[in-house]
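Okay, here's what each chain looks like letter by letter:
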Amino acid sequence: MALALSDSLFLTQLDKLANWVRKNSLWPMPFATACCGIELMATGASRHDIARFGAEAMRFSPRQCDLMIVAGRVVMKMVPVLQRIWLQMPEPKWCISMGACASSGGVFDTYVTVQGIDRFIPVDIYVPGCPPRPEQLIQSVMDLQQKIDKTGTLTGKEFARRDQSERPLPLAVEVNPTEAVVAPGDFTTATRLRLK
Amino acid sequence: MSHVATLGILRDRFGADKFTTSEFRDNFRIIVAPTQVFAALQCLKHDCGFDMLIDITAADYLYYPNARDRFGVIYALLNMNTGERLYVKTFLNEPDLTLLSAFPLWKGADWMEREVFDMYGILFEGHPDLRRILMPEEFTAFPLRKDYPLRGRGERHNFPVITRAEG
Numbered sequence: 002m003a004l005a006l007s008d009s010l011f012l013t014q015l016d017k018l019a020n021w022v023r024k025n026s027l028w029p030m031p032f033a034t035a036c037c038g039i040e041l042m043a044t045g046a047s048r049h050d051i052a053r054f055g056a057e058a059m060r061f062s063p064r065q066c067d068l069m070i071v072a073g074r075v076v077m078k079m080v081p082v083l084q085r086i087w088l089q090m091p092e093p094k095w096c097i098s099m100g101a102c103a104s105s106g107g108v109f110d111t112y113v114t115v116q117g118i119d120r121f122i123p124v125d126i127y128v129p130g131c132p133p134r135p136e137q138l139i140q141s142v143m144d145l146q147q148k149i150d151k152t153g154t155l156t157g158k159e160f161a162r163r164d165q166s167e168r169p170l171p172l173a174v175e176v177n178p179t180e181a182v183v184a185p186g187d188f189t190t191a192t193r194l195r196l197k
Numbered sequence: 453m454s455h456v457a458t459l460g461i462l463r464d465r466f467g468a469d470k471f472t473t474s475e476f477r478d479n480f481r482i483i484v485a486p487t488q489v490f491a492a493l494q495c496l497k498h499d500c501g502f503d504m505l506i507d508i509t510a511a512d513y514l515y516y517p518n519a520r521d522r523f524g525v526i527y528a529l530l531n532m533n534t535g536e537r538l539y540v541k542t543f544l545n546e547p548d549l550t551l552l553s554a555f556p557l558w559k560g561a562d563w564m565e566r567e568v569f570d571m572y573g574i575l576f577e578g579h580p581d582l583r584r585i586l587m588p589e590e591f592t593a594f595p596l597r598k599d600y601p602l603r604g605r606g607e608r609h610n611f612p613v614i615t616r617a618e619g
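Note that the protein sequences, when read in sequence, are chains H and L.
Its first residue numbered 2, the first sequence is counted upward by one per residue in my numbering.
Its first residue numbered 453, the second sequence is counted upward by one per residue in my numbering.
A few of these clues could be false.
Derived pair list, reagent style BS3-like, types lysine-lysine, alpha-carbon separation capped at 30 Å [unchecked claim]:
{"#": "1", "chain 1": "L", "residue 1": "Lys559", "chain 2": "H", "residue 2": "Lys78"}
{"#": "2", "chain 1": "L", "residue 1": "Lys541", "chain 2": "L", "residue 2": "Lys470"}
{"#": "3", "chain 1": "H", "residue 1": "Lys78", "chain 2": "L", "residue 2": "Lys470"}
For the record, the hints were derived by calculation from the structure and aren't laboratory data.
Use the sequences and the hints to build the structure in full.
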């Protein structure tokens, strides 16, 4: 009994150590496709310095990164590339969906733009904004650090629990793609989504 | 060379009934039949001094009021010496959406015609490599046609899902 207690205490301390090490050295993989990439670069520059949080080593090889920041709109031609880069990253890995376009498609509800990368990639933190200010991106990195602190383990057991797709649930009826959207004046049909 | 001179040369070469013109402010258009387009472009390039091809694009007049033909293909030309611009326009209808490629005249027509093919489905005979340029290769529809919905037919979300547990 006492042995089991000290055993799990030891493991908990190891978890805490692993979390501390990992959260303070999150090396980002800048998957910058569009305008949010500029803000990502600004966050890496000297005024808003992401290096304060250990994330200055923006390696462009996914094999050497543990945080993928998807900054910008992702089109359907890019989805297989995005998935391949995600799969090439070694464990443990996290994903930040930066900006409105990566989180939900943003203003681009068209035949090419994926309406949120969480339909195809597991995402940990979403950053709203178009583009989000560097301070917001830094806040998201800090939130991720807090998430790792609270839920991280040495061996990454918390990842195995997420086996469901994290795509947006159909909370509302999506309007048929061929149906015209009526201009405001008729608020029951003026949105893309009609509540069930 | 003003447009009067250009029209004079074209009239001599092709005959006055082979093309029509229209004008609005400084936008001058010459409308020819699809079979005459290559010859007209060749004449404009070599004899009238319109040596730069600015753009090739197309328009779908499917729901346009009072439209006679479905597709219009527009060539924008520039005379680099005088700064004059000219638009050559032809109208196409299904099922024969084929034009002679302008690639022998201007190498820049290569990608412009690929874009017109990708978006509207208009084929260019004599093009060295007519394949899709913007959409993925396996895409089957022509997106800028008016009967293609803005949000697509589900192609954008037709990919495998990766959950956190498996990778």
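State the violated hints by number, sorted upward, taking the hints as numbered earlier in the document.
-> Violated hint (a single one): 3; every other hint is consistent with the structure.
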